[in-house]
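Asker: One-letter residues, chain by chain:
Number of protein chains: 4
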Amino acid sequence: MKSRWVLLIDTVDKVGLIHLITGVLHQHNINIDLNSEYVDKARNLFFMRSEIEGAFDAEAVLSQLHQIIPSAHVELKPVAKKNIVVLVTKESHAIGDLLIKHQFDALNANLLAVIGNHDVLQSLVEKFDIPFHHVSHEDLSRAQHEAAVQAVIAQYQPDYLVLAKYMRILSPQFVGAHADKIINIHHSFLPAFIGANPYKQAFERGVKIIGATAHFVNNDLDEGPIICQKVIPVDHSDSWQQMASKGRDVERSVLANALQLVFADQVFVSGNKTVVL
Amino acid sequence: MKSRWVLLIDTVDKVGLIHLITGVLHQHNINIDLNSEYVDKARNLFFMRSEIEGAFDAEAVLSQLHQIIPSAHVELKPVAKKNIVVLVTKESHAIGDLLIKHQFDALNANLLAVIGNHDVLQSLVEKFDIPFHHVSHEDLSRAQHEAAVQAVIAQYQPDYLVLAKYMRILSPQFVGAHADKIINIHHSFLPAFIGANPYKQAFERGVKIIGATAHFVNNDLDEGPIICQKVIPVDHSDSWQQMASKGRDVERSVLANALQLVFADQVFVSGNKTVVL
Amino acid sequence: MKSRWVLLIDTVDKVGLIHLITGVLHQHNINIDLNSEYVDKARNLFFMRSEIEGAFDAEAVLSQLHQIIPSAHVELKPVAKKNIVVLVTKESHAIGDLLIKHQFDALNANLLAVIGNHDVLQSLVEKFDIPFHHVSHEDLSRAQHEAAVQAVIAQYQPDYLVLAKYMRILSPQFVGAHADKIINIHHSFLPAFIGANPYKQAFERGVKIIGATAHFVNNDLDEGPIICQKVIPVDHSDSWQQMASKGRDVERSVLANALQLVFADQVFVSGNKTVVL
Amino acid sequence: MKSRWVLLIDTVDKVGLIHLITGVLHQHNINIDLNSEYVDKARNLFFMRSEIEGAFDAEAVLSQLHQIIPSAHVELKPVAKKNIVVLVTKESHAIGDLLIKHQFDALNANLLAVIGNHDVLQSLVEKFDIPFHHVSHEDLSRAQHEAAVQAVIAQYQPDYLVLAKYMRILSPQFVGAHADKIINIHHSFLPAFIGANPYKQAFERGVKIIGATAHFVNNDLDEGPIICQKVIPVDHSDSWQQMASKGRDVERSVLANALQLVFADQVFVSGNKTVVL
Chain A
1 MKSRWVLLID TVDKVGLIHL ITGVLHQHNI NIDLNSEYVD KARNLFFMRS
51 EIEGAFDAEA VLSQLHQIIP SAHVELKPVA KKNIVVLVTK ESHAIGDLLI
101 KHQFDALNAN LLAVIGNHDV LQSLVEKFDI PFHHVSHEDL SRAQHEAAVQ
151 AVIAQYQPDY LVLAKYMRIL SPQFVGAHAD KIINIHHSFL PAFIGANPYK
201 QAFERGVKII GATAHFVNND LDEGPIICQK VIPVDHSDSW QQMASKGRDV
251 ERSVLANALQ LVFADQVFVS GNKTVVL
Chain B
278 MKSRWVLLID TVDKVGLIHL ITGVLHQHNI NIDLNSEYVD KARNLFFMRS
328 EIEGAFDAEA VLSQLHQIIP SAHVELKPVA KKNIVVLVTK ESHAIGDLLI
378 KHQFDALNAN LLAVIGNHDV LQSLVEKFDI PFHHVSHEDL SRAQHEAAVQ
428 AVIAQYQPDY LVLAKYMRIL SPQFVGAHAD KIINIHHSFL PAFIGANPYK
478 QAFERGVKII GATAHFVNND LDEGPIICQK VIPVDHSDSW QQMASKGRDV
528 ERSVLANALQ LVFADQVFVS GNKTVVL
Chain C
555 MKSRWVLLID TVDKVGLIHL ITGVLHQHNI NIDLNSEYVD KARNLFFMRS
605 EIEGAFDAEA VLSQLHQIIP SAHVELKPVA KKNIVVLVTK ESHAIGDLLI
655 KHQFDALNAN LLAVIGNHDV LQSLVEKFDI PFHHVSHEDL SRAQHEAAVQ
705 AVIAQYQPDY LVLAKYMRIL SPQFVGAHAD KIINIHHSFL PAFIGANPYK
755 QAFERGVKII GATAHFVNND LDEGPIICQK VIPVDHSDSW QQMASKGRDV
805 ERSVLANALQ LVFADQVFVS GNKTVVL
Chain D
832 MKSRWVLLID TVDKVGLIHL ITGVLHQHNI NIDLNSEYVD KARNLFFMRS
882 EIEGAFDAEA VLSQLHQIIP SAHVELKPVA KKNIVVLVTK ESHAIGDLLI
932 KHQFDALNAN LLAVIGNHDV LQSLVEKFDI PFHHVSHEDL SRAQHEAAVQ
982 AVIAQYQPDY LVLAKYMRIL SPQFVGAHAD KIINIHHSFL PAFIGANPYK
1032 QAFERGVKII GATAHFVNND LDEGPIICQK VIPVDHSDSW QQMASKGRDV
1082 ERSVLANALQ LVFADQVFVS GNKTVVL
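Protein chains in written order, with my numbering: chain A, 1 to 277; chain B, 278 to 554; chain C, 555 to 831; chain D, 832 to 1108.
Same shape as in the complex, but just chain A (with noise of 0.2 angstroms):
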C-alpha cells in the first residue's frame, strides 16, 4: 500500500549526493513528489528534503542510505499530524489562536494538552475540550517546578512543547531532555530586546519597526536557533502598552508560521541557526 513520507538528510556535502540519493530510491520504486535540496558551501553541509510516495520498506531504505552516505543524519517520517503539548502563563492570545485552528483541523498537530503555571487560561482551554494542567510555580524552586512539568508531559509523549508566551526560563535540564523540540515565541525581534519587557526597551529605544521571532529553545536564553521573524511598524505616539497590544498579533502570527514549517519537517537545525526547506 501506498504512503507518504518525508526524508530528511543532512550531512557533509560531497560530490554526486543527489545522484546517489535518488539512486536509492529509485531502486525502491519510490516516486518523488518535492525535492529541495542546500548545500552551505562556508560549513561543506548538504541539506535535502524530500516528500516521497510508494509501497516500500522504510527499514531498507533507511539502511541502504546509510551505507552509501555512512556519516549522514537521516529521518525517514510518515507524513502525519505531530503530537504537542503547549506551555502557557496568562496572555489568551497564542493559545486562543491554536485552539481555534486546532478546532478546525487547521494546526497540522494533535493538542494534547496545555500546562500553566497560572490557571487564567483554564476555563478557555476546557471549552475546547483539551485538557488544562495547572502546575502552580509558587512555593517550588525551579527544579521542582519543572519536574511537576516533566511529569505532566511524560504522560502525553508529545514530538513537540509549543510555549505560546510561557513567561519562565527553562533550565538546562530541561531544555537538554527536549533537545530541539521546544518552540518559543520572543516578544521582539531578536537579538535586539532580548530578556524581559522588549516592548519597554523598544519603547524606551524609540524604534520604529518593532517584532516577534520564533525559535527554538536552547540554553542561552533567546539565543537557539530562529525559525522565523516578523515586524510591524510603529512611531512615536504609540506607547509601550500599545507596542505590546499590536505585538500580539504579530507573535500570534509567527508562532503560526514557525509551527506551519515544524510541523511539516521542513526546518533542520544547524548549530544556532535553521534551514527551512
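Incorrect hints may have been included.
What the hints assert, rightly or not - Label-pair distances were calculated between CB atoms; the ranges are:
hint : chain 1 : residue 1 : chain 2 : residue 2 : range
1    : D       : N1028     : A       : H178      : 26 to 36 angstroms
2    : B       : L339      : C       : I723      : 51 to 61 angstroms
3    : B       : L339      : A       : K2        : 49 to 59 angstroms
4    : B       : I471      : D       : Q1073     : 53 to 63 angstroms
5    : B       : S448      : C       : D774      : 27 to 37 angstroms
Claimed, not checked - Once the Cα atoms are required to be at most 30 angstroms apart in a straight line, the calculated DSS-like pairs of lysine-lysine come out as:
hint : chain 1 : residue 1 : chain 2 : residue 2
6    : C       : K568      : A       : K246
7    : B       : K523      : D       : K1012
8    : A       : K90       : A       : K200
Think of the hints as simulated: they come from the structure by calculation, not from any bench. Virtual Cβ for every residue (Gly too), placed ideally from N, Cα, C.
Dock chains B, C and D against the given chain A, drawing on the hints supplied.
Answerer: Frame of chain A; chains B, C and D shown alone:
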C-alpha cells in the same frame, strides 16, 4: 579548464527525472554547486535549475540530456554578464539606479546603450559614457517609430531589453521579435490599476497600499508574466503626486530585484507565469 | 464628574477653524488629550478628531459648535465599547479571533450575537456563551433571507455589523439600512480580484503578493471605502489553496486592525474613501 | 507678499495650548494649511508642526509666541531647500541615489559638496558637477582628520551633514559642533548589531530579517535618535555578502525617507527619540 554554467530544464514531469539528469552530469564529472527543482503538479511540469562546475563538453552534455528527455526545453548557459539595452522616456529614477549600479559593477550586466523617445535623460546617460540614442516618436507612426528603435537595438544584439519607465505601448510585432526578453516595470500592484496613471487611479480608489510590478512584456498591456512585486503603505493624506513620489522608490527597487533574478538565469517563463528558482 | 469623549468634526474648510473650535472647548473647561486634523485640499474638506476630557454639558457644546460652523457634521461620543453583531458563513478564523479577543476584553466591543447562514460555527460561538442565530438562506429569496437576518439584528440594536467572512452579497436595501455601519473583510488586495474566489484569480494571474482588505460596505460589490489593507508574499509554488491558507492570517489581522480603528472612532467615511485620524 | 513657512513648537504641555497658539496666528491673518500636534503624556510634552501661509512679520509672530509660552522651543522656518554636505567612504549606492535625485530636483536640498576619506567616489561625484573633497585620514590622528574635514565643511555652512556610508566614528567634539544636524544610515535594524559589519553579525546569528536604520548622530555609537527603519527578509541561503548586497537597497531607501522627513522639517529630536509630524 573548469568553468561555471547554469543548466535550465523545463519539461513534462515523470518519475526519476532528477536521478536521470544528475546521472548525465555525474558521467561528465560535473559538480553541482546549487540545485533547485520545482514540480507544478496541476500542470504536470518539472523545472530544474543547477549551478554546475567542471571541464566538460557542453555539446555532449546537451545532446545526452536531449536523448534521455527528448521533449524537454534545456539550456546550458555559461555564468556571464548579460548584454542589455534600456528604453526610457523622461523619468530618471529607474535609469539612474541602473547607471550607478553599472558603473560600480553591481548590475551583473553590460549596459550597452540607452534609447529614449525624449532626450531629457541624454546628458545623464552620457555622463556615464553610455551611448544615448534619441529616437523621437514625433511625426512617426507607431510602426515607423518601432522600426527606428529596432534599428538601434540591432546594432547591439542585446540579451534583454529593459523598459525603465518607457511610456509607450509596444506592438505585437515588436514584442514578438523579443519574446520573453523584454522586462518592464509597471507602477502599480498588478492586476490592480492597469493602464494609464495608476497612482491617480489608486488615489481615487482610496487604497491604503500602493505597489509596483516587474514583468515580462507580452501582447496584452500589463498582462505579461510577473517577476516580482513590492508595496508600501499610503494613507488619506497622500495626494496622487505624493503616491507617485513614494512609488518611485518601490519601482526602482522592484526593477532592480527582477533584473538580478533574470540576469542570474533564475526565472523560467511558463505560460503567463514565472517560476523563480 | 469628569468623563472622556471623542469629538469628530467633518466640514468644508475655512480659515481659523481650529482656533474657533478649540475656543468653544476652552470655554467649557474641556481638556484636549489628543488632537488630529486633516485638510483635504483637493476637495476643501476639514476633518478633526479630538479626545477630550472634562465635566461639561455635551448638548451645550454641540449646540455652540453648530452655531460657529453650521454646515459641519459634528459628533460627540462618550469613550465606550461599541455594540456589535457579527455575520458569518463557514470559515472559523475571523470569528474565532473575535471570540478570543472578546473573551479577554481585547476587542473594545460587546459582541452581542453571531448570525450564520450555515450552522457550522454554532458550537464554537456557543462555547463562548454568545448567542448564535442560524438563519439559513435555503429555500428563501434574498429579500426573505435578509428580512429574517434584519429581524435578528433588530433585537440587538448594534452600533456596527461585522461581516467575518460572510459569503453572501447584501442588497442595496440591507446596506442602506446600515449606512457606514457594515464592515467587511474581502480576501484580496482590492481593487484587484473583485468578486468570487480571489485566491484562485490571484493564482491564475501568477501574482507574487496577495492581500486582504477591510472596508465599509456600500452598494457596489467590494467597492466600499477601504479602512485598511495588508499583504504577504507568495510564489510559484503556492497552489491557490495554499494562498487561501496563508491569506487567512492576513484577513484576520486586517479585520482586527480595521475594527480597532473603527471602534476607537478614528475612521471618517468621506465619499468612497476613509480618513483615519 | 505671501510666503510659506513651517512653525515648530516643542514645549511642556498645558491646557489650551492649541487655542493660544492658533490665536496668535489668527491675529496675524496667517492661514494654517496643515497642522499636527502630538502630546507625549508620559513626559508631559507638547509638539506642534504647522504649515502656514501669509504676509506677516515673522519676528512679531515669534515674539508673541514666546510671550504666551515662554519656556517653549519655537522655530519659524521659510519653506526652502536645505543646504547639505555629504560624507562618504567607498560605497556608491547611497551617494549615487542622492546625486541622481539632486540632479533631477527630487532631493529637496542643495547638495553643496561631498567629502570622502577615500577618493573612490570622486569621479562619480564630479560627473554631476558637485565639488568632491578628498580628505584622507591616512597618517593623521582622529583630531587632525576631523579638523581637516571641519575646515571643508566651514566653507559651505550647510544646514545638515549626511553620512552616506561614511565608515569613520566621529568624536564627541565633531558631533557636538553639529548637534542634531548629522544624519547617518546604519546598516542594521538597530539596536541589533551595533558596530562593525552588522551583516556578518546577522548572518552568524541566523536571523530571518535584516534592516537599516537612519538616525541622528550623538556621542554613543549607533545610539542616536532613530528617524526611520526598514527591513527585508533573508534566509539560510544568503551569505553575509548577499545580505550586504540586498541590504544596500534598504539602506538607500531608508536614508532617502529620512532625508525627506528631515528636509521638510517634520522631525523633532526629543531626548534620544524623534517625533515625526
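Asker: Decide, hint by hint, whether the structure agrees.
Answerer: Checked hints:
no.: 1; hint: D:N1028 to A:H178: 26 to 36 angstroms; result: 34 angstroms, holds
no.: 2; hint: B:L339 to C:I723: 51 to 61 angstroms; result: 56 angstroms, holds
no.: 3; hint: B:L339 to A:K2: 49 to 59 angstroms; result: 36 angstroms, violated
no.: 4; hint: B:I471 to D:Q1073: 53 to 63 angstroms; result: 34 angstroms, violated
no.: 5; hint: B:S448 to C:D774: 27 to 37 angstroms; result: 35 angstroms, holds
no.: 6; hint: C:K568 to A:K246; result: 36 angstroms, violated
no.: 7; hint: B:K523 to D:K1012; result: 24 angstroms, holds
no.: 8; hint: A:K90 to A:K200; result: 18 angstroms, holds
Checked against the numbered hints given earlier, this structure breaks hints 3, 4 and 6; the rest are met.
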